[in-house]
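Colleague: Sequence:
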Amino acid sequence: SETTWCLGSQHWARYPHTAGYTAEYGILLDMVGSRDAVFYREQTSDRYAAAYVDRVWSAARDLGFGRYFVNAPGGNLVDDHVYVIRGLRIPCLDIVNYAPDRSTGFGTYWHTGGDTMDNIDRATLRAVGQTVLYVIKGS
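Numbered continuously in full-length UniProt numbering, the sequence shown closes out at residue 139.
Do not rely on the hints blindly, as some may be mistaken.
To be verified - Restraint ranges, calculated between C-beta atoms of paired labels, are given here: (1) W5 <-> L63: 29 to 37 angstroms; (2) Y109 <-> H17: 31 to 39 angstroms; (3) T116 <-> R89: 13 to 21 angstroms; (4) G113 <-> R89: 33 to 41 angstroms.
Hint data in this document are derived by calculation from the structure and do not stem from the laboratory. Quick caveat: nothing in here was measured; it's all calculated off a predicted structure. All C-beta atoms, glycine included, are put in the ideal place defined by N, C-alpha and C.
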């Protein structure tokens, strides 16, 4: 429900830090550091920010991180990016560790007491971080 999640992005979309704020695009990083993470093309992202999704997934492939960034449809998630798209009309993509073939779509530790720093993997963070930097720097 819109009263229980994504509250910060909903508030920011209604009351941006600067009146009339806009951006070319946005990137939401959600659960991007876990071991064996995979990032499918989230469907809302593809609908509203396809050119930027293409740019990120192509960059990941070019940088050798294609095993993380799967160039196939993923879930259709209601996440923070939806409110940025709706409220600010800024194309926004969600890089999220969600695999359609998992029972919840997310890792087994998701929303459990096992969701700890032990799940963080340097190689995954490196793949995501280097890909995003490559894209935003335009190189």
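Colleague: Determine for every hint whether it applies to the structure shown.
Modeller: For each hint, the structure was consulted:
no.: 1; hint: W5 <-> L63: 29 to 37 angstroms; result: holds, 32 angstroms
no.: 2; hint: Y109 <-> H17: 31 to 39 angstroms; result: holds, 33 angstroms
no.: 3; hint: T116 <-> R89: 13 to 21 angstroms; result: violated, 37 angstroms
no.: 4; hint: G113 <-> R89: 33 to 41 angstroms; result: holds, 39 angstroms
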